[in-house]
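Protein chains in written order, with UniProt numbering: chain Y, 1 to 468; chain C, 1 to 1042.
Since the hints were derived computationally from the structure, they do not count as laboratory data.
Certain hints may be false.
Stated by the list, open to error - With a Cα cut of at most 27 Å, we get these calculated DSSO-like pairs of lysine-lysine:
1) Y:445 x C:863
2) C:78 x C:125
3) C:528 x Y:7
4) C:856 x Y:439
5) C:351 x C:528
6) Y:439 x C:863
7) C:877 x Y:445
8) C:46 x C:229
9) C:446 x C:113
10) C:978 x C:229
11) C:226 x C:131
12) Y:7 x C:452
13) C:225 x C:461
14) C:78 x C:533
15) Y:7 x C:349
16) Y:7 x C:446
As the list claims (entries may be wrong) - Covered stretches of chain Y, going by a simulated chain C footprint (3 or more residues, C-beta under 8 Å):
17) 43-49
18) 191-204
By construction, the Cβ of each residue, glycine as well, lies at the ideal position given by its N, Cα and C atoms.
Now for the letters of each chain:
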Amino acid sequence: MKINIKKISLLLATLIVIVGCDEDYLEVDSRDDIEFEDSGEVVTPEEMVTGVYGRFTGFSYAFSYLGVSEIISDNSDKGSSPGDTGGDKNLLDDLTHTTSSSSIRAMWEEWYKSIGRATIAIDYTQNYENYDANLKSRLIGEAKFLRALHYFWLVRSFGDVPIQEVDLVERAPESEVYAYIINDLQDAISALPVKSSYAPKDVGRATKGSAQGLLAKVYLYQENWQAAYDAANEVIASNQYDLHPNYAEIWRASTENGMESLFEIQGRGETINHGIQQYSQTQGARGSTGWGWGFNTPSENLLNAFDAAGDDVRRDATIIFRGETLWDGRVVGETENPMYNEKAYSSLNVGDGDGDKNIRVLRYAEILLIQAEAATHINQDAATPLNLVRERVGLAPIAAPTVQQIWNERRLELAMEHDRWFDLNRTGQAAAAMAADGKTFVNGKHELFPIPNDQLIQTPEMVQNPGW
Amino acid sequence: MKARLVLFLFFLFSYAVSQAQESTVTGTVTNAEDNMPVPGVNVLIKGTTRGTSTDFDGKYSITAKSDEILEFSYVGFKKQSFTVGSQTVVNVTLQNDIESLSEIVVIGYGTQKRSEVTGAISSIKSEELLKQPALNATQSIQGKLSGVNIVNSDAPGAVPKVVIRGVGTASAGEQVLYIVDGIQVTGITNINPADIETMDVLKDASSTAIYGMDAANGVVIITTKKGKKGQTKIELSSFYGAKTILNQVRMADANQYVTYFNENQTAIGGDNSYQLAPASQQPANTDWYDALIDVGFSNSNNVALSGAGDMSSYYFSFNNYNEDGILKDQDLSRNTLRLNNTFNFFDNKLKITSSISGAFTKSTPKPFGAFNEAYRQAPIVPVFYPDGHFGTNDVNRTTGVQGFLAGLGETIGGLNSVGNPVANVFFSNNKNKATDLQGIIEAELKITDFLKFTSRVGMTKAYGRERVFNDIRGRYVVAGDPVSDTDQQFQNLQDANPNNTQYANNSLRYTMTENFSYNWDNFLSFDKTFNEKHTIGALAGITKGKRDDFYFAETTAYGVPSQEQYWSIEFANGNYDNVSTQRFSTYTTQLSYFGRLQYNYDGKYLAQVNIRRDGVSTFKDNAEYFGNFPSFSLGWVLTEENFLKDVNGLDFLKLRGGWGEVGNSRVPFNQFRFNTNSGSNNVNYVFGVNQDFVLGASLGAQVFPISWEVTEETNIGLEFRMLDSRLAGSVDLYDRRTNDAILQVRPVLNSPNDANFFDSGADITNKGVEVELNWRDDINDNLSYNIGVVYSYNKNNVENVKPAYDGQIGGSLNNGQITKRLQDGQPLYAWWMYEAEGVWQNQAEIDNNPRVGSPKPGHLRYKDQNDDGVIDDRDKKFFGSYLPTYNLGLTLGLNYKNIDFSVDAFGAGGNKIYNGLKGTRIDGGENITADVFNERWTGEGSTNVNPGANRDAIASSYYLEDGDYLRINNMTLGYTLKNVIPDISRIRLYLTVQNPFLFTNYSGFTPELVGNEDGAPEERAGIELSAYPNTKTFLFGVNIEL
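Next up, chain Y with everything else stripped away, as it sits in the complex (with noise of 0.2 Å):
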């Protein structure tokens, strides 16, 4: 019996030695995720780029977008049904918007989040090795384009902002970043090819003529004319761009990337369809007859504009009224609202979640009248570029144009492309226009966004806007 007891603890004795020594045990590997290092996987510096265009895609511009930059205006009002908020948009439309504004805060973290990837794309593909060295430049600058067209956004909505790249609490004052987006744009600008010299499969990336033009719109806010006066020039001299004849076709896929465009974001209609996530839905005519959410529709107060000015090319290209029918043939009907924005309408993809819409962020009109403004401050001829602009919608020439003139030119031309009510504080003429609109305009608080408050629970130290 003895012996057997010896026998059993030599045995767990021995046991214990096996389970104990055993380290390598706990090396379990991965097999519900494929680690990068094994996925195979080499992202390319043009991915990376891609990726920032990307963002252009996400739903944030075919929603908040709207509400920052047109419904909040005299331009359009909030439309859909009356119980349909769209979140905050009806605050928005009041002039009632607050610091938790869902819009307000999701395009200032959408244009932040654009920032990141620029940086990160560049980043990347300075210190990507064995690459085409003029791709890399090229790449480069675009990506510095992308990054200041984002600034630029950010500056103009909320005033002083962080510079990401240098803190994220401090607020950079508007001359800083303002410096930091010329900086971006002139590296643009030599880096880039001008529009004409891309190969056809590269058509909608940025240009040369991307970044000149939207140099002349940020010193255009700078007030810095001359500056703004050449760099329009630039754009206009470097004979890549000309009005095209129509201006109701501006907005049709026909005309996309075509001669007047210096920017647009790209979307595809077909499969894989890849469009700015339902930008055309959310726009679209609502009601039985309709086919979308029928939000941003434009207002009472921009039809009357369009009527004073005797300015009908722009006014049925712009506006979709109830029961007419429009251009390819389609019967609108009896829809919910009077009125829809025909700049968003997709001929083909009508109200699909993704569908052919790209959005024109710069044209060669807007370089005109950028022009025009400044030569005004600076003695230029401020009618020719104008006028241009006027002739092509049948419009009497103005002889002497007044800053007040090319203001109202502005209007009619980019109705609902995004601009007026940066503009009308730009021009400080947003306490009138909204008191004509019958909404109350705070001086010194509304001519700025608020800090969205979220961003403020997560960084206590920055500073919000005044009045907010």
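Since the structure of chain Y is already known, use the hints to place chain C on it.
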């Protein structure tokens, strides 16, 4: 009569005839508790080796001299001695020995006497568990143990949420560690509660640290039954029950609904509003809950056979458990088998124990969403149309009559967007099967008197199969406009889209899962007393294990024949592609070393130190992936001191305290990756004149090194027994802190990264008090009673949140509204919303005050907390936790002769719960409760509390209600017959009502809201949206002992 044969055989073995000499003493030994004869009692003449034992009738016969002393001893009873004298008949009544048997506590890798325990451990015994019959034993311990909060759902097969001493983690696993007969498992649904001997809950870190990285949420140790020495025991028990909904909420009837609907439409106004015709013209006045809910039946049959000889013991059981839900056809049945054996070899030096069990479960689940639909669907919608189609939400907007009939120029619309709950239940066709096999083998070798070696292997294998059949055609046919030939419409669609699975006749999905885990423990234990006063215990061991070795395979096919017997992938329609997927999990392995040192000075001073060193494969990327978890505890038995020894009425008093660190290895991880996607996603874009689709990429979530969470806890406790042990109790105070708990963090809004990531970023504290009191008194031989109170209080708090990590939101109501927020200084994911302060009475009031959006009169108004004239997120307020701060359990027991009666109650509260059923309305056509109707705002001055028929859908404190409740969860009346029927030694009949009464001010169905995602705090825990209602059950049962 086979049972009798077994008894007879046993009798042959155990019965020993003593040799006759001088005088013969005979007698019967009975149990004081039930007056039953006790077989196998050792009868020994003191100071000699002469002895015998009682037969199976408890009788003995022994020859002794008149000056000799007879000693009667039996495990679990107090030893008794009698001098023979001139007696020839000595009948003995044995008293239970509480100290020795019932007060053994199972601690990790060993046991300890209750009186010597230095940590916070609560225990429950078999009979207490069985009083509340349930599928899963954790359902039965609600309200029985302090510090153990059970949130129950009465759905068949639901696994209750067990929270020990508050929730201490935000993103890591919250599940309790279960130890079954020494082996780590993740759940105990496979265990028949009748097989459980004891459940010991290790609550404080000084006790749980021996389980290291798995122990942060507490440890529940389950010991299954073993055969006991004595005659073979056969136990038969059965119960039958019927259950109905406990706390039905009365909904508005057709009349009230129409009024409410029309008031809303009037308030909306405009071209699109319309009015319903009076209820008398509507086709139905449906009570949807009546239509939906059935009486559910349950029953259970249990057979257990057990016994032991000198060399071995056995316990065999079979249980069949059936439970219906209260939804039609919802059911669950489970069969369990268990065989527990012990064998002794080599003079009892080697003991082999095996526990083998199998659980086989079948269930037909039904969608709980039906409860939500029954709440919301309009009473004017009929369950069925006259032609047999299911009622739909159609309404003729022109005439205002529910239905799909429309004359020329009339339009049909939807009353609401709610489905027909009866149809939903009807079309849900799922069958689930689960098989759980568990086997544990343990060898315990006594190397010397004081040194033991134990090796133990336990394995659990689980198989699951799920079948989901979806009658696509059937749904279309009855969902569509019933006037048209919807079957033909569907056929046309199918013909036009021959490969589109949307128009297949049906879909069939099979999901197969397998899961495996095992543990292998090896340890040495030492136990020796020196100089009669110093007892030293020591333990050293190694364990390795593997868990979550998971296999998943799923195939979906379309267009199988409609008869159930052909529901195989094999018979799918060839026009459609089958969809299959299969995957493995990354399993987890663990290798750990543990040790313990115990010191006991004369039962007076107690000390214990534990250490565990844990390595878990999940952390293999960390530089150091072994963690050490130390703990210690001290105890002082004051009643052993001279100054308290002789205090009248004080039987036992112990002060104990401990500290320990435990870990949580079930943490989420970040993985470095680029985001890529092949579809319409915001990393891709379109370039080129042809607008080609171009793939792009972006950087994924930030990766922070993640390690296990560490929870530190200090515990101080006092245990006492007084007044001749009639009053016993304990008080515990604890302070638990999880340092650097892992949060799922939304990156700072203006930072470059766009994906959420995990990082350690906050401390979570739980501080509390626990009290257990038991009073037990025997008034006379016929009458005894006991009263028990269990109370615990816990305060949860989030502290030291890293900058920029504050403000994570949760508690989504699925309508764009959120209700919870994680913030420094608040309980974990505390309620956070607007504070409702009255109702807008008129437009002028609205125009002159801060408001949210564009309210109408009759809407709730919200408080401008910071008085800045604007209501935004800064005006949202914290309203405390969804987790109860206190739990209360009450027990009352009464025994009079053969009658036993008991009442148990359970209560919880101090928390808030959100009535999401009441609050979330999407289109205003949903039904409301009768109370909402009766109390609504109907015009200026009518009420300043409740909103009108037209109201907003904003989350606010109006829908947040006190979560306090007290439920009588068990009332039982039993009657026991002993030795009345031949061959049956004991029979007990009982009647039980489970959950007969619920006392609460909450306006919904149940204040126990587990939520989704296993009750994750950031999800819908504490929100009622489609919770299963509480049910009350009437049970009749019988227990028979042979």
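Right, here's what the structure says about each hint:
no. : hint          : in the structure
1   : Y:445 x C:863 : holds, 23 Å
2   : C:78 x C:125  : holds, 20 Å
3   : C:528 x Y:7   : holds, 24 Å
4   : C:856 x Y:439 : holds, 19 Å
5   : C:351 x C:528 : holds, 20 Å
6   : Y:439 x C:863 : holds, 24 Å
7   : C:877 x Y:445 : holds, 26 Å
8   : C:46 x C:229  : holds, 22 Å
9   : C:446 x C:113 : holds, 20 Å
10  : C:978 x C:229 : holds, 21 Å
11  : C:226 x C:131 : holds, 20 Å
12  : Y:7 x C:452   : holds, 15 Å
13  : C:225 x C:461 : holds, 21 Å
14  : C:78 x C:533  : holds, 23 Å
15  : Y:7 x C:349   : holds, 13 Å
16  : Y:7 x C:446   : holds, 13 Å
17  : 43-49         : holds (count 4)
18  : 191-204       : holds (count 5)
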